[in-house]
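**Student:** Okay, here's what each chain looks like letter by letter:
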Amino acid sequence: MTTGLWLTAAEMGLWIAFLLQVTPVMVWIERRGSALIQDRLGPNRVGPLGLFQSLADALKFIYKEDIVPAVADRSLYLLAPLLALVPSLTTFVVLPFGPDIEIGGETYKLMVVEAETGILLFLALASLGVYSLVMAGYASNNKFSLLGSIRASSQMISYELALGISAITVLLPVGSLRLDEVVLAQQGTWFGFLPQWNLFPQALGFLVFMVAAFAETNRLPFDLPEAESELVAGYHTEYSAMRFALFFMGEYMSMATLSALAATLFLGGWHLPGVSFTYGPWLNALVGFGILAAKILAILLFFVWVRWSFPRFRFDQLLRLGWKVLLPLAILNFVLVGALTVAGVL
Amino acid sequence: MSGVPIGWYLVLAAALFAIGTFGALTRRNGITVFLSIELMLNSVNLALIAYAREVALTFGAAAGLTGQVVVLFVIAVAAAEAAVGLALFIAVYRNRRTIDLDRLNLMRW
Amino acid sequence: MAGTIVFVLAALAAFVSALVVVAHRNPVYSVMSLIVTLLSLAVLFVQLAGHFLAVLLILVYAGAILVLFLFVIMLLNVGTDRRGLAGTRLQRWGAIVGAVLFAAILASLQWGATLDAAPPTEDEVALTPLARALFGDYLLPFEMAGLLLLAAVVAATVIARRTTPEERESR
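Chains as they are written, first to last, in this note's numbering: chain R, 1 to 346; chain L, 1 to 109; chain S, 1 to 171.
In isolation and in its complexed conformation, chain R is listed as follows:
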């Protein structure tokens, strides 16, 4: 295989390894973080500071009894948890994680797929995530699951619009759908210390994007479809053991990929002012990925913080927010940024 193919395989391996370990780390952060916010201890028995709690949870999931309901539609029931992993394990391919590197005289980009359509590919693959919700609810043959899945999927498709429009707005000054161009446009600093991240001039877009991201991943304050006091457990009521773990993992992994997109669009991606990428190809890639991972972690901590700070929305409030507040705000942001770009300000 040529160098390019090996590099692509290595990049994919790096991303998948990162995404697969997001869940155990997030479980620990979630439980200790929520304990911190709620003024209690959290898991502290399994290993120092409860660090091996995720391992214990994983073992529990593996050994639990795997039940398939007799009246469930078997093929779709088995398919739904797998579909939950599809959006997160396919959308990372357009995210850049480092500057162009030179190996053997040839320059390579540090993105798995250099698609011209960049962010549209991300949004397209992310929009396929609705099907796992719909299939889980339908195949369970259970009224609560069906209601939960209809709520979850209508929530997801409602907020996809605001998410997409606020993401596209970032691209207006850049002039390209490719995410590596977006990162390159955020290099440099203002006044010598403030990094030129899109967060500052497009704060409204960032707000809309983050709210839509919360709704897309079914996180509080938008987690009505899977709240414990509603509809049992929503669309994954009938799932046990490893299949439930797959839904669980899928949710955390899609949080991670949406955070990665937010970091790339609004927080400067792999770039940090003050870090000059002159360490040679492999170290450049690792440093770039490390910076991106640190930003992803920061946004994930924000997710956890918000989860334990807000009450959840009622379903009609949720849909009203998505259609009557967020979508007009996203369009307003789009028009504003478009006008400023044409005027030459941005």
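Treat the hints with care, since some could be wrong.
Take a look, some chain R residues computed to stay more than 10 Å from chain S by CB distance [as the list claims (entries may be wrong)]:
(1) Arg31
(2) Pro69
(3) Val71
(4) Gly105
(5) Ala115
(6) Leu120
(7) Tyr138
(8) Val174
(9) Ala185
(10) Thr189
(11) Arg219
(12) Ser240
(13) Phe248
(14) Pro281
(15) Gln317
(16) Pro328
Example chain S residues on the side facing chain R (calculated, C-beta under 8 Å, incomplete) [claimed, not checked]:
(17) Phe52
(18) Ile65
(19) Val67
(20) Met74
(21) Leu76
(22) Ala126
Derived contacts from chain S toward chain R, CB cut-off under 8 Å, selection only [what the hints assert, rightly or not]:
(23) Leu127
(24) Leu130
(25) Leu134
Since the hints were derived computationally from the structure, they do not count as laboratory data.
C-beta: ideal position from N, C-alpha, C; glycine also.
Put chains L and S on the given structure of chain R with help from the hints.
**Tutor:** Showing chains L and S alone in chain R's frame:
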């Protein structure tokens, strides 16, 4: 490295169109008929893109854009048609409690 | 070589899933098969330098329209058909019509005049020419498509809503 002859894409598009026609003519379930029609629309999309590629290879890239723009509009029209068609299904179901096309025969002579 | 393998796989997937779409008794399975068909078609679009449209197909068609189909199926509780295809006589005639249509389309193609689908080069993949065409030469159809979608949204909302008690009284 040259690819597959564009004619093969057209054959596939024709096959999908024929399968869609078969489904639209033979199924009783309204939703499945609708899905077969969507299949036919997408086979036409494939044919349009294949021809756009052929034109682009023969007359230059700018000439091949027309086909792609037409496909864009076909997708938009298919979305509009799906929305209205499904709304009609809901309305019909509310009145007649069925979407079995053999039973929806009020307009037959 | 790789292009031929990708074409054969995608074409086979599209063909088989299309057959499942029209033949399966459960409409939910038909929708899932249509998703597979659309994904295969997207792969074929990419081979034909239609990258933007491939992504648009997945984003709009597989990601939104088919979700709408699934919602309606679940809302109307459309069950599994007891007999999938309507009856053997109709099936036979339907298959004959399909085969005749297929043969007619094949006969109308100009064999020997099609080129090989060379893999698209860098500048053929660029989106700017498509954008210029869409907002330049085809601006009027673009705006009309927007109006059409608006009309469809209004129509769908009006048709599918429950009539209010005053409307029922005034009938």
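**Student:** Is it the case that R/Gln317 keeps its Cβ farther than 10 Å from each residue Cβ in chain S?
**Tutor:** Consistent with the label, R/Gln317 stays out of reach of chain S, its closest Cβ about 21 Å off (over 10 Å).
**Student:** Under 8 Å, Cβ to Cβ, is where S/Phe52 needs to be relative to chain R, so tell me if that hint holds or is violated.
**Tutor:** holds, 6 Å
**Student:** Could you let me know if the closest chain S CB is still more than 10 Å away from the CB of R/Arg31?
**Tutor:** Non-interface label on R/Arg31 holds, nearest chain S Cβ at 33 Å vs cutoff 10 Å.
**Student:** Can the hint on S/Val67 be confirmed by a CB-to-CB distance to chain R that is less than 8 Å?
**Tutor:** Check passed: Cβ of S/Val67 comes within 5 Å of chain R, closer than 8 Å.
**Student:** Could you let me know if the closest chain S CB is still more than 10 Å away from the CB of R/Val174?
**Tutor:** holds, 13 Å
**Student:** Going by Cβ atoms, does R/Gly105 stay more than 10 Å from chain S at every point?
**Tutor:** Its Cβ never comes within 10 Å of chain S, the nearest being 20 Å, so this holds.
**Student:** Please check whether the beta-carbon of R/Val71 is more than 10 Å away from every beta-carbon in chain S.
**Tutor:** holds, 13 Å
**Student:** Could you let me know if the closest chain S CB is still more than 10 Å away from the CB of R/Pro328?
**Tutor:** About 15 Å separates R/Pro328 from the closest Cβ of chain S, which puts it past 10 Å; holds.
**Student:** Do the numbers back the hint for S/Met74, that is, is its least Cβ distance to chain R under 8 Å?
**Tutor:** holds, 6 Å
**Student:** Hey, does the S/Leu76 contact hint survive, CB to chain R under 8 Å?
**Tutor:** Cβ of S/Leu76 sits 13 Å from chain R, so the hint is violated.
**Student:** Please verify that the nearest CB of chain S lies beyond 10 Å from R/Ser240's CB.
**Tutor:** At about 23 Å from chain S, R/Ser240 clears the 10 Å cut-off, so the statement holds.
**Student:** If I take the minimum Cβ distance from R/Phe248 to any residue of chain S, is it greater than 10 Å?
**Tutor:** holds, 23 Å
Of the hints listed earlier, those the structure fails to meet are numbers 5, 6, 7, 18, 21, 24 and 25, in rising order.
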